[in-house]
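Chain A is already provided as a structure; the job is to place chain B on it using the hints.
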Amino acid sequence: MSVVGRSRRHALQVNGALLLLAALSLTPLLWMVSVSLMARGEASQFPPPFLPASATLDSYRELFAGTGIGRNFANSLLVSIAITALSLLLNTMAGYAFAKLRFVGRERLFQLLLAALVVPAQVAMLPLFLLMKQLGLVNSYWGVIVPGMASVFGIFLVRQYARGIPDELIEAARIDGAGELRIFFQIVLPMLKPVLVTLAIFTFMGAWNDFMWPLIVLTDQEHYTLPVALAALSREHIMDVELMMAGAVVTVLPVLALFLLLQRYYIQGLLLGSVKG
Amino acid sequence: MRASLAAWLFTAPALVVLAVFFGLPVLAALLLSLTDFDLYALADPAHLRFVALDNYLDLLRTPMFWKALGNTVYFVAVGVPLSIAVSLAAALLLNSPLARVRAAFRTALFAPVVTTLVAVAVIWRYLFHTGYGLVNWALGHLGIGPVDWLGDPRWAMPTIMLFAVWKNFGYNMVIFLAGLQAIPQDLYEAARIDGASRWRQFLHITLPQLGPVLLVVGVITISGYFQLFAEPYVMTRGDPLQSTVSVLYYMFEEGFKWWNLGRASAVAFLLFLIILGVTALLLRAGRRRGLV
Numbered sequence: 001m002s003v004v005g006r007s008r009r010h011a012l013q014v015n016g017a018l019l020l021l022a023a024l025s026l027t028p029l030l031w032m033v034s035v036s037l038m039a040r041g042e043a044s045q046f047p048p049p050f051l052p053a054s055a056t057l058d059s060y061r062e063l064f065a066g067t068g069i070g071r072n073f074a075n076s077l078l079v080s081i082a083i084t085a086l087s088l089l090l091n092t093m094a095g096y097a098f099a100k101l102r103f104v105g106r107e108r109l110f111q112l113l114l115a116a117l118v119v120p121a122q123v124a125m126l127p128l129f130l131l132m133k134q135l136g137l138v139n140s141y142w143g144v145i146v147p148g149m150a151s152v153f154g155i156f157l158v159r160q161y162a163r164g165i166p167d168e169l170i171e172a173a174r175i176d177g178a179g180e181l182r183i184f185f186q187i188v189l190p191m192l193k194p195v196l197v198t199l200a201i202f203t204f205m206g207a208w209n210d211f212m213w214p215l216i217v218l219t220d221q222e223h224y225t226l227p228v229a230l231a232a233l234s235r236e237h238i239m240d241v242e243l244m245m246a247g248a249v250v251t252v253l254p255v256l257a258l259f260l261l262l263q264r265y266y267i268q269g270l271l272l273g274s275v276k277g
Numbered sequence: 001m002r003a004s005l006a007a008w009l010f011t012a013p014a015l016v017v018l019a020v021f022f023g024l025p026v027l028a029a030l031l032l033s034l035t036d037f038d039l040y041a042l043a044d045p046a047h048l049r050f051v052a053l054d055n056y057l058d059l060l061r062t063p064m065f066w067k068a069l070g071n072t073v074y075f076v077a078v079g080v081p082l083s084i085a086v087s088l089a090a091a092l093l094l095n096s097p098l099a100r101v102r103a104a105f106r107t108a109l110f111a112p113v114v115t116t117l118v119a120v121a122v123i124w125r126y127l128f129h130t131g132y133g134l135v136n137w138a139l140g141h142l143g144i145g146p147v148d149w150l151g152d153p154r155w156a157m158p159t160i161m162l163f164a165v166w167k168n169f170g171y172n173m174v175i176f177l178a179g180l181q182a183i184p185q186d187l188y189e190a191a192r193i194d195g196a197s198r199w200r201q202f203l204h205i206t207l208p209q210l211g212p213v214l215l216v217v218g219v220i221t222i223s224g225y226f227q228l229f230a231e232p233y234v235m236t237r238g239d240p241l242q243s244t245v246s247v248l249y250y251m252f253e254e255g256f257k258w259w260n261l262g263r264a265s266a267v268a269f270l271l272f273l274i275i276l277g278v279t280a281l282l283l284r285a286g287r288r289r290g291l292v
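Protein chains in written order, with this note's numbering: chain A, 1 to 277; chain B, 1 to 292.
Just so you know, these hints were derived from the structure itself, not from any lab.
The model shown is predicted, which means the values in this text are computed figures rather than measured ones.
Ideal placement from N, C-alpha and C gives every residue a C-beta, glycine not left out.
There's no promise every hint is true.
What the simulated footprint calls covered on chain B by chain A, stretch by stretch (three residues with Cβ under 8 angstroms from a Cβ of chain A suffice, anywhere in the stretch; the number is not a length) [unchecked claim]: (1) 5-18; (2) 46-59; (3) 111-121; (4) 167-175; (5) 203-211; (6) 253-264; (7) 272-279.
Sample of chain B residues facing chain A (criterion: CB under 7 angstroms; computed from the structure) [to be verified]: (8) Trp-66; (9) Ala-99; (10) Ala-178; (11) Trp-199.
Chain A with its partners taken away, still in its complex shape (with noise of 0.2 angstroms):
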C-alpha cells in the first residue's frame, strides 16, 4: 500500500474515532432536549422515539406552572450569582495579598491553606449543619451562600496570576501616595481581569452545579436550587419522562450556554487549577 493511501486510511480512523466519541459525548444532552419537547407520554413506548411527532412546549409549560420551578430557577441564579460576587471579591483580595504584600507568616499560612485542600468538604459538613442551626441559617439563601463566600482554590489562582505584575508599579504608587485600598482597586483589580472572568466562571458553574451542601441545609421545596429540586421532582414523577427532560433542560442550558460562551476562560482556570498545582 502507498504511504498516501495509509496516512489517508489513519485519518480517517481518527476522525472516525473523534466523531463516535463526541457522538456519544451529545446524544444523551441532544435526546434530552428531543424528548422534553414530545407530548406526554410519547417517549414511553418501544421502539423510543428520535425526534417528536410534532414540537409542543406542554413539557415546560407544565414544569413552570405544576412545580413552580421557576422559583427554584430563581433561587439557583440568586445563590450562584451572591456565591460568585462574594467570593471572588474576597479571593480577589487576599490572593493579591499573598503574592505581593509582606507579611509575617505568610508562606506558612499559605501552605496550610493549600494542605486544607487535601480535606474533603463532606468532612466539614456535619458540623457545619450544626452550625448553621446555631445561626438560624438552616433552610435559608445564607446557608447556601455562607460557606461558599471564600474558597483555597479561588486565592491560589488570584495568587498565581497577581505574581506577574511588577513590584515598580506598586512601589511607584505607594510614594505617589496611593492608599493601599485604592492600588487594589485601580491599579491590581485592572490588571486581573483574565483572572478573574476564569474565577467567576468557575465559581458560578460550581455554584450552579453544587448538590450535596444545598440539599442538606435547604428543607423545604420554597428554597431548593434547581438540582435539589430537580432531584426531588424525579422522585415524584418518574414515570414523566417528558416533564423531567424539560426540567434538565432548563438546569443544564444556562451552564452550557454560559461555557459555550467564555470557554477559553474555563479551560485556562483548568490548567492553571491542575497542572501547575
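Chain B alone, transformed into the frame defined by chain A:
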C-alpha cells in the same frame, strides 16, 4: 509596616470565612466522631456523651459500612482506570495532526463536564431504562436481550461507572492535551528516523513524558471518585440490594436521615483517612519513579 497591616486586612475576610466555615467544622467533626451525638443530643446537648473510639470500632463491625466501602472501592478501582484511559485516548486523538475541526471536537467532548450532575443523571436513568431505554433498544439490534441496568445488582454499579466516565473524561482529557502539547516534537522525529512504530513511540516517549501529568490526574481523579454520592442518590437511591450505597451515601443517611451525627462523622473521617492513605501511596510510587 503599612503594607503588613493592609495585608492582614486584605486576607482577613477570606481567612475568617475559611476558618469558621471549614477549618472549625473539620476540627469539630473530629471531636463529634468521638461522641454519641444523635437525635436526642440534637434536641438537648446534655445527652451528649464522650465515647472515645467506639464509633470507629462499631463501624468496623457494621456489615453495611463494609458493603458501602466495598462498593466505593469497586467504583474507584474500575472507574478511575477506565476514566483515565478514555481521557488519554481522547486527548491522543485530538492531538493527532490528522484530526479535523479540532476545536469543535474538543468542545463536544468537554460538554458533559460542565453539565449539572443531577440533571444528566436523570437523563441516564431513562437512557438505561429496561423497557423503553435507548441503550437496550440499540443492544437489541445486536441481538442482546434487555438488561435491567439499574435494577440488577450486578449491573447497577457498572452503569454508574459508565455514567461517571461519560460525565468526567473531558476534564482529564484537557489536562492530558496540554501535557501532550508540551512534549518536544524532536523526540518523535528522532524515533521516526529510527523506524519506531506509533505504538512504540507511545510507550517509550508519550507515556514517560506524561508521567508527572498522569500522577496529578491520578491523584485528583481517585480522590474525586472516592467521593461518590450524587449519582447513586439520583439514579438508584443505593439500591438494588444496596449494591450502589457508597461511603458518602452511607454517611448522608446516617447523618441526615437517622441523625447519628457522631457515627456519621466517624464515617467521614474514615473516608478521609482512606483517601489520604491511597494518595500517599500513589505519590510515593511516583516519587520512586522520579515523577515528582
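Verification of the supplied hints:
Check on the segment 5-18 of chain B: 11 of its residues sit with their Cβ under 8 angstroms from a Cβ of chain A, so the three-residue criterion for coverage holds. Check on the segment 46-59 of chain B: 0 of its residues sit with their Cβ under 8 angstroms from a Cβ of chain A, so the three-residue criterion for coverage is violated. Taking a C-beta to C-beta cut-off of 8 angstroms, the segment 111-121 of chain B contributes 9 residues in contact with chain A, enough for the three needed, and the coverage statement holds. Closer than 8 angstroms: that is the beta-carbon criterion, and the segment 167-175 of chain B has 4 residues meeting it against chain A, so the requirement of 3 holds.
Here the segment 203-211 of chain B counts 0 residues with a CB under 8 angstroms from a CB of chain A, which misses the bar of 3, and the coverage is violated. For the segment 253-264 of chain B, the stated coverage by chain A is satisfied: 4 residues place a CB nearer than 8 angstroms to a CB of that chain, which reaches the threshold of 3. Against chain A, the segment 272-279 of chain B contributes 4 residues with a C-beta closer than 8 angstroms to a partner C-beta. That satisfies the three-residue criterion, and the hint holds. Interface hint at Trp-66 of chain B: violated, since its Cβ lies 19 angstroms from the closest Cβ of chain A, which is beyond the 7 angstroms cut-off.
Because the closest C-beta pair between Ala-99 of chain B and chain A is about 6 angstroms apart, less than 7 angstroms, the hint holds. Taking 7 angstroms as the C-beta cut-off, the interface hint given for Ala-178 of chain B holds, the closest approach to chain A being about 5 angstroms. Nearest Cβ of chain A to the Cβ of Trp-199 of chain B: about 13 angstroms, over the 7 angstroms cut. The hint is violated.
Hint compliance for this structure: hints 2, 5, 8, 11 are broken, all remaining hints hold.
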